[in-house]
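Visitor: Single-letter residue listing:
There are 4 protein chains.
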Amino acid sequence: MTGTWRGRAAAVATLTFDVDAETPVLAHGRRYARHAMTMSHQAYGPEVGVPRLLDMLDELGVPATFFVPGWVAEQRPGLAARIAERGHEVAHHSYSHRAPTSMGEGEERADFERGLEVFARQGVEISGHRAAMWEATWLTSELVAEHGLLYDSSLMADDRPYRISTGAGEIVELPVHWSLDDWEQYAFLPQPHVGSVIEEPEKAERMWRAELDAMRHYGCLFNLTSHPFLTGRPARSLALRRLVEYALNCGDVEFLRCRDVATRAAGDATLVPRELEPPSVDPGTYPRE
Amino acid sequence: MTGTWRGRAAAVATLTFDVDAETPVLAHGRRYARHAMTMSHQAYGPEVGVPRLLDMLDELGVPATFFVPGWVAEQRPGLAARIAERGHEVAHHSYSHRAPTSMGEGEERADFERGLEVFARQGVEISGHRAAMWEATWLTSELVAEHGLLYDSSLMADDRPYRISTGAGEIVELPVHWSLDDWEQYAFLPQPHVGSVIEEPEKAERMWRAELDAMRHYGCLFNLTSHPFLTGRPARSLALRRLVEYALNCGDVEFLRCRDVATRAAGDATLVPRELEPPSVDPGTYPRE
Amino acid sequence: MTGTWRGRAAAVATLTFDVDAETPVLAHGRRYARHAMTMSHQAYGPEVGVPRLLDMLDELGVPATFFVPGWVAEQRPGLAARIAERGHEVAHHSYSHRAPTSMGEGEERADFERGLEVFARQGVEISGHRAAMWEATWLTSELVAEHGLLYDSSLMADDRPYRISTGAGEIVELPVHWSLDDWEQYAFLPQPHVGSVIEEPEKAERMWRAELDAMRHYGCLFNLTSHPFLTGRPARSLALRRLVEYALNCGDVEFLRCRDVATRAAGDATLVPRELEPPSVDPGTYPRE
Amino acid sequence: MTGTWRGRAAAVATLTFDVDAETPVLAHGRRYARHAMTMSHQAYGPEVGVPRLLDMLDELGVPATFFVPGWVAEQRPGLAARIAERGHEVAHHSYSHRAPTSMGEGEERADFERGLEVFARQGVEISGHRAAMWEATWLTSELVAEHGLLYDSSLMADDRPYRISTGAGEIVELPVHWSLDDWEQYAFLPQPHVGSVIEEPEKAERMWRAELDAMRHYGCLFNLTSHPFLTGRPARSLALRRLVEYALNCGDVEFLRCRDVATRAAGDATLVPRELEPPSVDPGTYPRE
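Chains as they are written, first to last, in the UniProt record's numbering: chain Z, 1 to 289; chain X, 1 to 289; chain S, 1 to 289; chain D, 1 to 289.
In short, the hints are calculated from the structure, not lab data. Among the hints, a few may not be true.
In silico negatives: residues of chain Z with every beta carbon more than 12 Å from chain D [unchecked claim]:
1. 29
2. 123
3. 127
4. 189
5. 203
6. 213
7. 252
8. 274
DSS-like cross-link-like pairs, simulated, lysine-lysine; straight-line CA separation at most 30 Å [what the hints assert, rightly or not]:
9. 203(S) / 203(Z)
10. 203(Z) / 203(D)
11. 203(X) / 203(D)
12. 203(Z) / 203(X)
13. 203(X) / 203(S)
14. 203(D) / 203(S)
Just some of the chain Z residues that point at chain X, by a computed CB distance under 8 Å [said to hold, decoys possible]:
15. 37
16. 198
17. 238
Even glycine gets a Cβ: it sits at the ideal position worked out from N, Cα and C.
Using the sequences and the hints, build the whole thing.
Guide: Written out as structure tokens, the structure reads:
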């Protein structure tokens, strides 16, 4: 494949939905399974949010990528397949949604592979990965390459796709950012304590539209992360819809699934592969462990 | 009863007021009873907020539901009866306002029944329940059914009423949500530490109006939770009034007491009863207790 | 004195400035005296904020009340006198700005009296008191009465002045509220950790104007609390000035010093004295100490 | 040099960029070096933000000051020189970005000198200093004077430059403030926990424009602090650009590098040198250590 990752578009947009359901709460402690309200708050995502968003995407005629933890796909058989059948991409979002940075290397690998096995058993084709909480380690991109996936979408070193050279081969990184995430705008739970004030959907819409416009100016990847338990709520869905309609009206924004951007970026000779390396820190300079 | 829960309305609105008074603070620790300012901050709810809101509801001609902890009804005899006399519903909001998730099963049951006894002694008819802090356990809906109540209003698995099948019979759930709650917008206390920034009433009004509009689009239950110690303040009352006036002008929003929505939903054959079940979690996947 | 506290005004406005300087930080721990930046942040209040605000009040022609901790008056001799010479009221704001709720009764009394002695030595006449952090105990209003002061301004049980009957005589309460305070909108420090996001002055101005309008509707006391180290900053001063100009243009808002409102309220026979009492809590209901 | 620091301008503006890269996170604990996403989030600053901002400054034709920790200059050889070659000032921002208030005097001195040595080795001329996290101690300004630097920019006791007399000679302070910092508006990280809600660039732009206007009114130093890992993002860069364009259109705002303002202030006889002194606190008044 030749050409540049962006083609003729001023900016490329990837709508991504992290179908976390109960997992981010259970990762705080399995005792939260006792909390019926909290569980119901999370279940809203796959049960109400996903169908609503799928219908909306149909109406808008744009494709999206759904990052699903293996545990969620396992607990709700048929969920991942239904998403794929609607023409969207299903991608790997860990098994348990525990942050890789909270695990040892063996644990991270086991969780990664357990997730992949769920999708293999369900016959869902996987091309890419996003770390739980975006909390990738330096091992993460290597695991992605080693298991033959095309891309990762957890890092933030750029606002355009970049190629990463790992010991196990090359992958593409589709960078994310906190300012293009619905979590910081909408999430609120008292136990476990999540979020502070809850923002208006109109504020998020305005902020993301300004970012999209700036990314059209600079030629970036507008990689938006939404959570069905958050953005699946009525007014937030409609705000997302208005944002997509705005982007479509711009005429220079192309909506793609992550795997399609990654395929393009992998073949874009203008992108020079980078090698990732942790900064070297010594206890003399940074005494706090 | 036949027909659907929503009738011909695009959306049904339930104005609910949680008359918590001192209880959410005392639930943090009874030492706060020493804090005269904090106690006065909470007392404003029943003493200034409730009369102001009752007058406003009269002027608007809309009915509402007041969830009252038993402890509050006991400390302020006549409060619950006065609310009921104005044509509004009084509903059960625990005895002490301690979160069910912080109690064992025996404790939760005792607190639930102690609350009901207060209302029985005061001759106030109770049809529904809302868990303190919305922090229901899996036992909560069973307690509601077992004691012959019609509905609960603490869970978040949908944005329309749903029927729940429990071991003790069926109830209706009138779901709530953080984004339709004045607490996250307005609450602030340094000790115990509550809230972060304080939002403008106009922002809350705008956000709730957008949610109402979206719920008219999707056909939902607009179940708004306000606290008299918060929304009873001058500018916040007037913002709520403007919101209700807006809804009335829409022409397709019906205002009901919770018990009336629940009665309709209980008889709505299009709603299939759900069985609630905690997710099964194992320590291998989620090692943190 | 006869007549009602409000006279013919729709609302009465009291501009109050808490000249805390370094004290709220030192109350977190005297180790912060080592933090040169934090100390400079607080010193801005009396050194830059107070002169700027005094000039602004002159230009606007409105009187105000400055609550000054005794420690601050002591460290900066002449500060309290200069404020009083400009026609404003100086009032008692504790000695050390430690919260009364964090002290035993003996400690609270000692701190209260030590503050009064500073003003006595400086020949500054004191008529009223505001608790540090507004964190009054049930003893506080008694101390105010016992020392012959006219009013306290720390409680929140109403939005109009109220009369309090204490064992040591009667006082007037001029209630405050978090939503009429600049701290929650503007304060930020990393160590000690204070605040979250910093709001625009225009947002605070809009919120306070809406509250003023609502208080004109309901006939309340618009008792605004500002801190010179916060509101003394350039854009915030100008926002406060626009707010006052708006109020003056309303034509039905009267600006008074706290002592003048208190004198009126003390003689307002329509206000029935209240007796304050802590709620009685038992460990059976609230087991957490 | 004679004349006043402000010349004929209504306000002087200094655009300052703190090129912290990984250092503020590593100062929380060197274990964060394992967090690949967090490291990538910080690396965005020097790698994407700085080049973008340098181009933008060229287009706007305004000079700026870049505060760089020695560790960052060392890890990315050529970074500081490239900034200086574009006509901007590079200034000293500690070696490790650990807060001086968290170190003993010996440690603070060692870190200060280690930073200066990096710039000396790289041939980058240094005239001024800003403390990491602005967390200066009372020793900091003395270190600045002792090492022959012209100014410090970490304190907040004024909104105009001020002269400080230290035991080691005189320096100029160019005061900063939380409300003129992009960190409180934009920063967000879950581990280490940083920030709460993420604000719109338009809100920050509006707030800073209002401050600039007020500072033109009062004749102040508009000393804006931005971080390339935050403000280097697309929509935030464009918001900063609009702010600068607004200021240029005012016609009475002068953009200068910090060292130029400091040189002017050092020669401004209307500014009387101040001696800094910690407040004296005793354990009787402030018992908490």
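Visitor: Run every hint past the structure and note whether it holds.
Guide: Checked hints:
With 12 Å as the threshold on Cβ separation, the claim that residue 29(Z) sits away from chain D holds: the shortest Cβ distance comes to roughly 16 Å. With a minimum CB-CB distance of about 31 Å to chain D, residue 123(Z) clears the 12 Å threshold, and the non-interface call stands. The beta carbon of residue 127(Z) sits about 20 Å from the closest Cβ of chain D, which is more than 12 Å, so the claim that it is off the interface holds. The claim that residue 189(Z) is not at the interface with chain D holds, since no C-beta of that chain comes within 12 Å of its own (minimum 14 Å).
With a closest Cβ-Cβ approach of about 6 Å to chain D, residue 203(Z) is found to fall inside the 12 Å limit, against its non-interface label. Non-interface call for residue 213(Z) relative to chain D: violated, since the shortest CB-CB distance, roughly 7 Å, does not exceed 12 Å. Interface exclusion of residue 252(Z) from chain D stands, the closest Cβ pair being 15 Å apart, more than 12 Å. Not every CB of chain D is more than 12 Å from the CB of residue 274(Z) (nearest about 10 Å), against its label as outside the interface.
Between the alpha carbons of residue 203(S) and residue 203(Z) the distance comes to roughly 14 Å, so the proposed pair stays at or under 30 Å and holds. In summary, the hint linking residue 203(Z) to residue 203(D) is supported, as the alpha carbons are separated by about 10 Å, within the 30 Å threshold. Our distance criterion of 30 Å between C-alpha atoms is met by residue 203(X) and residue 203(D), whose separation comes to about 14 Å. Our distance criterion of 30 Å between C-alpha atoms is met by residue 203(Z) and residue 203(X), whose separation comes to about 10 Å.
Taking the CA atoms of residue 203(X) and residue 203(S), the gap is near 10 Å; set against the 30 Å cutoff, the hint holds. A threshold of 30 Å between alpha carbons decides the hint, and for residue 203(D) with residue 203(S) the separation of about 10 Å falls inside it, so the pair holds. Nearest Cβ of chain X to the Cβ of residue 37(Z): about 5 Å, under the 8 Å cut. The hint holds. Taking 8 Å as the C-beta contact cut-off toward chain X, the hint placing residue 198(Z) at the interface holds, the least distance being around 5 Å.
A least Cβ separation of about 5 Å between residue 238(Z) and chain X falls short of the 8 Å threshold, and the interface hint therefore holds.
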